[in-house]
Amino acid sequence: MSTEHDRGRPGRALRAAGRYRGLVALGVVLLLGAVVSPRNLKTGQSVFLTATNQSNVLFEYAEYGLLAVGMTLVILTAGIDLSVGSVLGFVATLFSYLLIARGWALPSAIAVGLLGGTACGLVSGILVSRLRLQPFVATLAMMVAARGAAKMVSGGIKIAHGARPWYAVQDAPPPIFEWMTMPAAGGWLRPVTVTFLVTILLMALVVRYTRFGRHLYAIGGNEEAARLSGVHVTRAKLLAYVLCGLTAAMAGICNACHMGYGDPEAGFTYELDAIAAVVIGGTSLMGGRGGVMLTLVGTLIIGYANKILSLIGWQEAQRLLAKGTIIVLAVVIQETRRHR
Amino acid sequence: MVADAEVRQPLLQMHGIRKSFSGVQALRGVSLEVCAGEVHGLVGENGAGKSTLMHVLSGALQPDGGEIVLHGETVPIASPQAAQSLGIAMIHQELSLVAGISVAANILLNREPRNGVGLVDWRAMNREAARLMAGLQTPVDVSSPTEEFGIAVQQMIEVAKALSYEARLIIMDEPTSALAEVEVRRLFETVRDLRKRGVAVIYISHKMEEIYAICDRVTVLRDGAYVGTAPTADLPKERLIHWMVGRKIEQLFPERHVRPGDVVLEVAGMTLPAAEGKRRVVDEVGLTVRAGEIVGLAGLRGSGAGELLGCVFGAYGSRAQGKVTLRGRAVAVRSPAEAIGRGIAMLTNDRKATGLVLPMSVLHNMTLASLGVLAPVGLVRRQAELSAAQPLAESLDLRAASLDVEVNALSGGNQQKVALAKWLLTDPAVLLLDEPTRGIDVGAKAEIYELLDRLAAAGKAILLTTSELPELLAMSDRIVVMHRGKVTARLARGEATQETVMAAAMEAETHEH
Chain P
4 MSTEHDRGRP GRALRAAGRY RGLVALGVVL LLGAVVSPRN LKTGQSVFLT
54 ATNQSNVLFE YAEYGLLAVG MTLVILTAGI DLSVGSVLGF VATLFSYLLI
104 ARGWALPSAI AVGLLGGTAC GLVSGILVSR LRLQPFVATL AMMVAARGAA
154 KMVSGGIKIA HGARPWYAVQ DAPPPIFEWM TMPAAGGWLR PVTVTFLVTI
204 LLMALVVRYT RFGRHLYAIG GNEEAARLSG VHVTRAKLLA YVLCGLTAAM
254 AGICNACHMG YGDPEAGFTY ELDAIAAVVI GGTSLMGGRG GVMLTLVGTL
304 IIGYANKILS LIGWQEAQRL LAKGTIIVLA VVIQETRRHR
Chain B
257 MVADAEVRQP LLQMHGIRKS FSGVQALRGV SLEVCAGEVH GLVGENGAGK
307 STLMHVLSGA LQPDGGEIVL HGETVPIASP QAAQSLGIAM IHQELSLVAG
357 ISVAANILLN REPRNGVGLV DWRAMNREAA RLMAGLQTPV DVSSPTEEFG
407 IAVQQMIEVA KALSYEARLI IMDEPTSALA EVEVRRLFET VRDLRKRGVA
457 VIYISHKMEE IYAICDRVTV LRDGAYVGTA PTADLPKERL IHWMVGRKIE
507 QLFPERHVRP GDVVLEVAGM TLPAAEGKRR VVDEVGLTVR AGEIVGLAGL
557 RGSGAGELLG CVFGAYGSRA QGKVTLRGRA VAVRSPAEAI GRGIAMLTND
607 RKATGLVLPM SVLHNMTLAS LGVLAPVGLV RRQAELSAAQ PLAESLDLRA
657 ASLDVEVNAL SGGNQQKVAL AKWLLTDPAV LLLDEPTRGI DVGAKAEIYE
707 LLDRLAAAGK AILLTTSELP ELLAMSDRIV VMHRGKVTAR LARGEATQET
757 VMAAAMEAET HEH
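Line by line, the protein sequences are chains P and B.
For any residue, its number in this note's numbering is found by taking its place in the first sequence, counting from 1, and adding 3.
For any residue, its number in this note's numbering is found by taking its place in the second sequence, counting from 1, and adding 256.
Just so you know, these hints were derived from the structure itself, not from any lab.
As the structure is a prediction and not an experimental result, all values here were calculated from the model.
Positions of the beta carbon are idealized from the N, C-alpha and C atoms, including for glycine.
Certain hints may be false.
[What the hints assert, rightly or not] Short derived list, chain B residues pointing at chain P, Cβ under 8 Å: (1) Pro592; (2) Ala593; (3) Thr604; (4) Asn605; (5) Gly611; (6) Leu612; (7) Val613; (8) Pro615; (9) Met616; (10) Ala625; (11) Leu627; (12) Val629; (13) Val636; (14) Lys678.
[As the list claims (entries may be wrong)] Far from chain B, by Cβ distances over 12 Å, these chain P residues were calculated: (15) Lys45; (16) Ser49; (17) His164; (18) Ile179; (19) Glu226; (20) Val300; (21) Leu312; (22) Lys326.
With the hints as constraints, model all of the structure from the sequences given.
As structure tokens, this is what we get:
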């Protein structure tokens, strides 16, 4: 009947390709990796295709991925959280400080670390949802403040076992550091990776199958219409930022385990990688469109692309240029799809 | 006027324009001929191809075939800039002025006068802009920010902008959809003035009265095809509607048989202060609505009729003061969420801005207001959503490829049905309707009227406000007229006529002027 509604009905195959274009892109990247990857001199096997390589990519990108999960929720509401990198640094230092300098028991150190990150998210959330600050401004402030908190906790230096002034308390690395970053017995997945994968899966379910998740889309798509449909806009937005703080805190703990110390500078500019992963996955920065599983795809695309480029010998400088290009391409593809 | 328009050399001829979107024919060889100094109506149901045709003419879309002849010469229109330099201007329904810059800067955007060193000559710019605005009988301070003015003035700014580059052809896309009666009259004066200057105007509208009031000729499109062109004087209304819908609409409005039941909604002393200043947008308003009754709220823009609905719905939070009684029980409604919980629903007056979440699917839009019931513990089950939404979509004859397409992709009438469906799914006792048929075609309008009649018959209490008087008169069992926030008349169905309603709606103005 109407041309307008028929416009959303191209060929079935084309539409499927459109919907799963993120997966298609990931497939292309993986294929490219298999083709261009150098081969192991002894076995002749492609280095890219080894389980070790997959394990490494997932491990190296787990922290970005965790940040990107929470970021997805916030971006779905048409917001942004620039503070996640700093919150990561704050929690990494807080966690290490409690564990190493204070000799706290592991569960309480983890709990307080997660609480610290969640509190950061809560403050951002209140600023955005109740005081109606622009998300960019509110979380920019939190980004600066959380970095300050990280330096305050650590006194501006890395918190490592056996280092001044903490060697008196702990002279051996906390066992959790090694446990989190070593493949579990018999497998190739590290607990850090598992944390990331479980979190993203859980959050994907929450976003897809709960009222809260639906509200995120509604708010991002049209906040006023959502409010007038009875959506508790303030509450849902607040929760999105709180969860974003929580995943940033999880990333912070993973970071401390990964590095073996709490670095107050950790997570510097990570927020940009997290945003890039969300955008490359296909979630719209305008809000209302996208999803958590897309972010997994986006994270993997960045991770694998980066890995391939380093396998074929590109330096970091070149890889950064390539990453910028990928981000632009991803957004361009998104836009052309929408305006067709 | 009409007679010599036909012998005159046409200013614009479009022949056999074809355009398809991903295989779907939106325009199948459409023709259009417009003369200088003519107001040419372009009508058709939503999806008939009017907008597509005008986008082709204004350079926003490239046709797949056909030719455009301007001043007897075949011209390509490759871009909006090209259209502009050919003297074609389009004034969109959603105005496209830049907020934050002055009126003058908007009028002369991209053609700012320069001084000797190449910088913008603000004085010359303001002078030129003021001259143009004065020529349109809208003398405003052209150095003040554009967003300070209402839609009516902003439209004049658009016209001034078109005149500033000597447009010979101005396309107006539903220019009156957000205007009050008085503003419409002023707009018509401007259009007639443009005609006198020899400017051709293509006038797109869904409102019959307007087409007959202002247009010399009218061209009808249906399903992307050209149906016909005729002088409005020779085209009876019934024939025009027949051309548009391809079938006869026997009766636009259903016949109302009212059996009002008990009072469902009672509003007393409702007051809404303006966001700034001491003015009261709604001032001590009281009214009742019975089950099975449609009460019409009449009022010009600024009367507060729409805002009154918002007050009852809790849209203004605690800013609105007053008593709301539901079935004899006083209730506090401080938020839309509370209103929904108590069985009050409100269809907003702008489905795109406040009614629908455009990037969400039809299904998710339909269930958005009833997730509390459909997902009691917070878990949304698709099956539950579908079994609630599907029968309703069918009974509303909602035409969509599937319930999973973005609501964005539907035509105006179908979008409006989705917005209504969202509220019907909450099973409300009270329905507040603000402009329920704005910007939808005649066929869809008739369906919505029919639906309202059925809902009233099913015992819903309906409070309706609309700027289209014939609609209000036909649908309402009683009419409450508001002016500047106050009730100025309460009319029974028998005593309400266009004249009595308008007189009450303009009450204070007639005293003041």
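Do the numbers back the hint for Val636 of chain B, that is, is its least Cβ distance to chain P under 8 Å? At 6 Å from the nearest chain P Cβ, Val636 of chain B passes the 8 Å test, so the hint holds.
Cβ separation check - Glu226 of chain P to all of chain B, threshold 12 Å: 9 Å, violated
Is the Cβ of His164 of chain P more than 12 Å away from each Cβ in chain B? 43 Å, holds
Going by Cβ atoms only, is Pro592 of chain B closer than 8 Å to chain P? 5 Å, holds
Satisfaction of the Thr604 of chain B interface hint, Cβ to chain P closer than 8 Å: Thr604 of chain B check passes; min Cβ-Cβ to chain P is 6 Å, inside 8 Å.
Distance rule for Lys326 of chain P, whose beta carbon must clear each one in chain B by more than 12 Å: 27 Å, holds
So, Asn605 of chain B near chain P? Judge it on the closest CB pair being under 8 Å. 11 Å, violated
With 8 Å as the cut and Cβ atoms as the points, is Val613 of chain B at the interface with chain P? Since the shortest Cβ distance to chain P is 4 Å, the answer is holds.
Hey, does Leu312 of chain P actually stay past 12 Å from chain B on C-beta? At about 34 Å from chain B, Leu312 of chain P clears the 12 Å cut-off, so the statement holds.
Beyond 12 Å from chain B, beta-carbon-wise, is Lys45 of chain P? With a cut-off of 12 Å, Lys45 of chain P remains clear of chain B, as the shortest Cβ separation is near 52 Å.
Holds or violated: is the Cβ of Ile179 of chain P farther than 12 Å from all Cβ atoms of chain B? 33 Å, holds
So, Pro615 of chain B near chain P? Judge it on the closest CB pair being under 8 Å. 4 Å, holds
Violated hints, in rising order: 4, 12, 19; the structure is consistent with all others.
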